[in-house]
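Peer 1: These are the residues of each chain, in order.
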Amino acid sequence: MITPIVELRKATKKYAGVPAIEDIDFALLPGEIHTLVGENGAGKSTLTKAMAGVVSLTSGQMLIEGREVRPETPVQALHLGIAMVFQETSLVPTMTVAQNLFLGQERFFNRLRGIYIAAQQFLQSLQFDVDPTATVSLLGAAKKQMVEIARAVLHKAKVIIFDEPTASLTPEEKKYFFDLIFNLKARGVSVIFISHALEEALLVSDRITVLRDGKLVVTDRKENFDRARIVQAMVGRDLSQTLYGQRKSTMRPAGKRVLSVENLRMAAMVKNNSLSVFAGQVTGVFGLVGSGRTETFKVVAGVIKRDIMYGGEVLLHDRPVRYLVPAPAVRDGIVYVTEDRKVEGFFETKSVADNIYLGLLAKLRGKRKLVSKREATEVSERLIKRLNIRAISKDVKAIELSGGNQQKVVIAKSLVQDPEVIIFDEPTRGVDVSAITEIHQLINQLADEGKAVVVISSYLPEVMALSDRILVCRMGKVVEEFSALEATEEKIMYAAIH
Amino acid sequence: MIGALRTLTDQLLGRGAAAITVPIFDGALKPNQILEQAETFAELEAPEDLATDGTSLFVADGACVLRYDDDTATTVAQVDRRITGVANLPRGGLAVALDGTEVRVIGGPHDGRNWTSVAGKPLTAANAVCATVDGRLLVTDGSQTQPYDRWCHDLMSLGRSGRIVELGLTDGGAREIASGLAHAFGTAAAGKDVWVCESWAHRVLAYGGEKRGLPVVSRLPCYPSRLAPAADGGYWLTAFTCRTQLVEFVLRQKAYRTRMMKEIDPRYWIAPALTSGNTFLEPLQGAHLKMRGIHKPWAPPRSYGLVMRLSPEGLVRYSLHSRVDGKNHGVVAAVECRGTLFVLAKGRRRILSLSVADVERRLLS
Numbered sequence: 001m002i003t004p005i006v007e008l009r010k011a012t013k014k015y016a017g018v019p020a021i022e023d024i025d026f027a028l029l030p031g032e033i034h035t036l037v038g039e040n041g042a043g044k045s046t047l048t049k050a051m052a053g054v055v056s057l058t059s060g061q062m063l064i065e066g067r068e069v070r071p072e073t074p075v076q077a078l079h080l081g082i083a084m085v086f087q088e089t090s091l092v093p094t095m096t097v098a099q100n101l102f103l104g105q106e107r108f109f110n111r112l113r114g115i116y117i118a119a120q121q122f123l124q125s126l127q128f129d130v131d132p133t134a135t136v137s138l139l140g141a142a143k144k145q146m147v148e149i150a151r152a153v154l155h156k157a158k159v160i161i162f163d164e165p166t167a168s169l170t171p172e173e174k175k176y177f178f179d180l181i182f183n184l185k186a187r188g189v190s191v192i193f194i195s196h197a198l199e200e201a202l203l204v205s206d207r208i209t210v211l212r213d214g215k216l217v218v219t220d221r222k223e224n225f226d227r228a229r230i231v232q233a234m235v236g237r238d239l240s241q242t243l244y245g246q247r248k249s250t251m252r253p254a255g256k257r258v259l260s261v262e263n264l265r266m267a268a269m270v271k272n273n274s275l276s277v278f279a280g281q282v283t284g285v286f287g288l289v290g291s292g293r294t295e296t297f298k299v300v301a302g303v304i305k306r307d308i309m310y311g312g313e314v315l316l317h318d319r320p321v322r323y324l325v326p327a328p329a330v331r332d333g334i335v336y337v338t339e340d341r342k343v344e345g346f347f348e349t350k351s352v353a354d355n356i357y358l359g360l361l362a363k364l365r366g367k368r369k370l371v372s373k374r375e376a377t378e379v380s381e382r383l384i385k386r387l388n389i390r391a392i393s394k395d396v397k398a399i400e401l402s403g404g405n406q407q408k409v410v411i412a413k414s415l416v417q418d419p420e421v422i423i424f425d426e427p428t429r430g431v432d433v434s435a436i437t438e439i440h441q442l443i444n445q446l447a448d449e450g451k452a453v454v455v456i457s458s459y460l461p462e463v464m465a466l467s468d469r470i471l472v473c474r475m476g477k478v479v480e481e482f483s484a485l486e487a488t489e490e491k492i493m494y495a496a497i498h
Numbered sequence: 499m500i501g502a503l504r505t506l507t508d509q510l511l512g513r514g515a516a517a518i519t520v521p522i523f524d525g526a527l528k529p530n531q532i533l534e535q536a537e538t539f540a541e542l543e544a545p546e547d548l549a550t551d552g553t554s555l556f557v558a559d560g561a562c563v564l565r566y567d568d569d570t571a572t573t574v575a576q577v578d579r580r581i582t583g584v585a586n587l588p589r590g591g592l593a594v595a596l597d598g599t600e601v602r603v604i605g606g607p608h609d610g611r612n613w614t615s616v617a618g619k620p621l622t623a624a625n626a627v628c629a630t631v632d633g634r635l636l637v638t639d640g641s642q643t644q645p646y647d648r649w650c651h652d653l654m655s656l657g658r659s660g661r662i663v664e665l666g667l668t669d670g671g672a673r674e675i676a677s678g679l680a681h682a683f684g685t686a687a688a689g690k691d692v693w694v695c696e697s698w699a700h701r702v703l704a705y706g707g708e709k710r711g712l713p714v715v716s717r718l719p720c721y722p723s724r725l726a727p728a729a730d731g732g733y734w735l736t737a738f739t740c741r742t743q744l745v746e747f748v749l750r751q752k753a754y755r756t757r758m759m760k761e762i763d764p765r766y767w768i769a770p771a772l773t774s775g776n777t778f779l780e781p782l783q784g785a786h787l788k789m790r791g792i793h794k795p796w797a798p799p800r801s802y803g804l805v806m807r808l809s810p811e812g813l814v815r816y817s818l819h820s821r822v823d824g825k826n827h828g829v830v831a832a833v834e835c836r837g838t839l840f841v842l843a844k845g846r847r848r849i850l851s852l853s854v855a856d857v858e859r860r861l862l863s
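Quick mapping for you: the protein sequence lines, in order, are chains A and B. End of the first sequence = 498 in my numbering, gap-free, step of one. End of the second sequence = 863 in my numbering, gap-free, step of one.
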């Protein structure tokens with residue numbers, strides 16, 4: 001019998017007496033790719049964090065190659081050969097890519113050029129197109145993820161845990177990533193892979209474990225699973241027909257043109273980009289990472305600035321607007337729901353209610369001289385109910401919620417501002433399947449109410465399922481537009497690549 | 499002082515009035531080749547405008563008006579000058595604009611009535627005539643400084659002397675509804691209001707009651723021309739060419755424009771045109787790169803063909819295009835008659851015909 005490289009027996013972890021995982025028996029075999037799937041809050045992250053020394057088990061045993069261990073910190077886990085690539089990046093944003101890669105391996109004298117050259121060579125060997133001299137805070141989500149992956153590979157770990165690694169990667173980058181995983185496997189490295197993309201789980205895994213409500217539901221070989229069985233195990237009901245699978249058969253007619261972008265320029269990311277957004281429609285925006293889609297809409301919402309000279313124009317109801325910060329955009333009715341919720345989306349130490357109310361205060365600015373606790377309660381309760389945010393109470397800290405519920409808080413914070421144009425950037429990234437359905441329903445509802453909705457997504461089935469019209473970005477500009485009825489995955493991908 | 503500083507800053511940074519930006523053709527304006535693929539109904543010597551009485555098509559061709567019943571053309575009016583605008587009158591007869599300087603009624607109960615000036619100013623570039631059911635004529639006078647043919651001079655000199663005038667068929671009265679328009683070209687009655695196209699401002703304005711130039715369609719990516727009512731409500735709006743960043747840039751360069759107008763043959767100006775590709779001397783050739791012998795349809799156009807279908811509220815529902823690689827450019831008029839849309843592509847001196855039902859089936863379902 002093969003000795004598992006990592007084994008958990010009766011693993012239980014409780015937060016304030018509430019079990020996040022309970023009595024889990026889990027085994028990872030040498031050279032195996034093992035996928036963990038489950039809704040947000042199912043316990044996947046807690047289980048893997050326990051293995052990676054981020055949290056300690058409340059009870060139960062952990063064994064590495066048959067030897068009982070108890071890693072208390074990530075460094076200890078790394079010394080035991082376990083590295084984790086987190087869902088939300090753990091890079092130091094003010095350092096360069098190379099400095100992040102070699103963080104913790106510094107010598108007394110460090111030659112910066114040498115580090116950059118080594119990092120360049122290493123990144124190239126992984127076929128990751130990332131500039132080692134770039135500051136991490138300036139990178140997009142996908143590139144940050146690449147740096148995380150590269151760092152784990154660099155540490156020569158025996159077990160690498162990937163928490164939602166592909167959520168923000170483009171199809172080509174995913175292919176590189178999967179090749180990398182297979183390469184690691186061939187070298188005897190075991191991989192734990194957490195993913196909400198079930199197709200990926202079925203594609204890359206040797207075995208799949210499904211968790212639900214902190215308990216292990218089933219572990220089996222990939223061949224014994226199909227999509228429906230996984231979904232059934234994850235949620236205890238059949239959701240296969242309500243998620244992504246359906247293409248739109250009708251489209252909403254366009255209302256008035258609410259937002260126009262004309263010849264917008266922003267450094268090397270947005271190059272003479274033009275587009276329109278109409279009321280009462282969902283405008284889907286698809287593009288590979290680096291296509292300028294996120295940056296375009298960040299300029300629209302005042303999150304980043306366009307070029308100072310000949311930067312083009314943004315028009316709201318045919319009136320030129322130029323937002324240097326998001327606050328005036330919010331007051332004018334434009335909100336941007338970020339793709340990076342942990343960093344830009346909410347205050348993690350504030351309660352759900354406070355976060356939602358802060359959204360309203362941002363809109364009202366000087367009109368509220370005093371904060372009203374009663375108003376905060378009313379507003380937050382209304383939105384918690386509308387968005388079905390599952391929290392023990394409205395006073396729970398946002399950080400303690402699952403990814404899906406955190407995303408709903410971010411959306412609630414924007415909806416409380418009663419926007420006219422709502423820009424969702426990767427609205428279901430790192431979100432469980434039932435929350436995806438709810439978020440999709442909300443997006444459709446907003447469009448039905450006559451709002452101008454923009455959905456930026458890397459996931460084609462999502463774009464196709466939601467959008468009335470689809471804009472495809474490439475190399476900093478919109479290169480193609482499809483109506484919902486004429487769009488196919490092949491056409492969209494062709495436009496995005498060629 | 500602050501205004502002057504702002505203008506200076508805008509010019510330096512390329513923003514505000516100095517922003518060289520052009521709206522995109524997307525949404526309902528997404529390009530297609532429907533106009534290019536349309537059937538050619540007739541090719542004429544000098545077509546200028548179209549009109550309909552609901553059963554027949556009327557075409558102003560040179561100095562005569564032709565009536566088409568099915569495919570057969572009959573001359574119904576012959577005058578001594580070129581006709582620059584035509585409209586059918588509800589009680590019979592035609593109203594025509596002659597060489598832009600006179601509006602005359604031919605036939606019907608008001609036969610022979612004419613106008614050469616309005617509000618003490620002579621008609622200079624009368625380019626579109628519309629008859630209302632209550633016995634008025636709406637006429638757009640494109641420019642007070644440039645005659646009908648010299649519309650490009652008007653654009654390049656940033657003309658703002660166009661006007662919309664109202665003429666009384668019964669009493670012969672005349673009054674200005676609005677003046678100071680950036681090339682008025684095309685008008686239609688919209689209930690109690692009057693809609694007028696302001697070509698150089700790329701918009702359609704509404705006048706009437708409280709509305710003193712309320713934009714109903716604005717920031718078009720093209721130079722709009724005539725308006726005509728659609729059978730099931732709304733309007734057909736044509737555009738004789740579309741905007742490019744190069745032309746927008748030239749329009750902001752006064753010294754360059756002045757010198758270009760002084761020294762270069764107007765046919766070769768960096769300016770919009772009704773047709774292009776006729777000589778290698780034309781500008782914008784550099785942008786018209788061909789890939790394997792195929793003209794890129796998305797290249798910056800010097801001439802273009804466009805018809806837009808507007809809802810009664812002024813929303814663009816769909817559009818028909820002849821792109822850069824096409825020929826049916828310089829669209830100046832479109833009328834709907836018995837389920838068929840007739841489009842005048844002046845650049846090719848062609849009248850095109852399309853089934854409205856087919857077009858809507860293709861674009862809306």
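Just so you know, these hints were derived from the structure itself, not from any lab. Just so you know, even glycine gets a beta-carbon here, dropped at the ideal spot from N, CA and C. Where hints are given, some of them may not hold.
As the list claims (entries may be wrong) - In silico negatives: residues of chain A with every beta carbon more than 10 Å from chain B: (1) Val55; (2) Glu68; (3) Val75; (4) Asp179; (5) Ala186; (6) Thr219; (7) Asp226; (8) Glu262; (9) Gly311; (10) Glu313; (11) Arg322; (12) Gly345; (13) Leu361; (14) Lys373; (15) Arg386; (16) Leu460.
Said to hold, decoys possible - In silico DSBU-like cross-links for lysine-lysine, where the CA-CA straight-line distance does not exceed 30 Å: (17) Lys709/B <-> Lys271/A; (18) Lys271/A <-> Lys175/A; (19) Lys528/B <-> Lys271/A; (20) Lys271/A <-> Lys256/A; (21) Lys760/B <-> Lys619/B; (22) Lys369/A <-> Lys394/A; (23) Lys342/A <-> Lys367/A; (24) Lys174/A <-> Lys156/A; (25) Lys491/A <-> Lys825/B; (26) Lys342/A <-> Lys305/A; (27) Lys14/A <-> Lys491/A; (28) Lys271/A <-> Lys14/A; (29) Lys794/B <-> Lys491/A; (30) Lys175/A <-> Lys10/A; (31) Lys491/A <-> Lys619/B; (32) Lys256/A <-> Lys528/B; (33) Lys760/B <-> Lys256/A; (34) Lys256/A <-> Lys690/B; (35) Lys271/A <-> Lys794/B; (36) Lys305/A <-> Lys528/B; (37) Lys256/A <-> Lys215/A.
Peer 1: With reference to the structure, classify each hint as holding or not holding.
Peer 2: These are the hints, each one checked on the structure:
no. : hint                  : verdict
1   : Val55                 : 49 Å, holds
2   : Glu68                 : 63 Å, holds
3   : Val75                 : 51 Å, holds
4   : Asp179                : 34 Å, holds
5   : Ala186                : 43 Å, holds
6   : Thr219                : 49 Å, holds
7   : Asp226                : 36 Å, holds
8   : Glu262                : 4 Å, violated
9   : Gly311                : 7 Å, violated
10  : Glu313                : 5 Å, violated
11  : Arg322                : 7 Å, violated
12  : Gly345                : 29 Å, holds
13  : Leu361                : 31 Å, holds
14  : Lys373                : 44 Å, holds
15  : Arg386                : 30 Å, holds
16  : Leu460                : 20 Å, holds
17  : Lys709/B <-> Lys271/A : 39 Å, violated
18  : Lys271/A <-> Lys175/A : 27 Å, holds
19  : Lys528/B <-> Lys271/A : 20 Å, holds
20  : Lys271/A <-> Lys256/A : 26 Å, holds
21  : Lys760/B <-> Lys619/B : 28 Å, holds
22  : Lys369/A <-> Lys394/A : 23 Å, holds
23  : Lys342/A <-> Lys367/A : 28 Å, holds
24  : Lys174/A <-> Lys156/A : 21 Å, holds
25  : Lys491/A <-> Lys825/B : 28 Å, holds
26  : Lys342/A <-> Lys305/A : 22 Å, holds
27  : Lys14/A <-> Lys491/A  : 48 Å, violated
28  : Lys271/A <-> Lys14/A  : 50 Å, violated
29  : Lys794/B <-> Lys491/A : 19 Å, holds
30  : Lys175/A <-> Lys10/A  : 36 Å, violated
31  : Lys491/A <-> Lys619/B : 57 Å, violated
32  : Lys256/A <-> Lys528/B : 15 Å, holds
33  : Lys760/B <-> Lys256/A : 42 Å, violated
34  : Lys256/A <-> Lys690/B : 23 Å, holds
35  : Lys271/A <-> Lys794/B : 20 Å, holds
36  : Lys305/A <-> Lys528/B : 28 Å, holds
37  : Lys256/A <-> Lys215/A : 50 Å, violated
Hint compliance for this structure: hints 8, 9, 10, 11, 17, 27, 28, 30, 31, 33, 37 are broken, all remaining hints hold.
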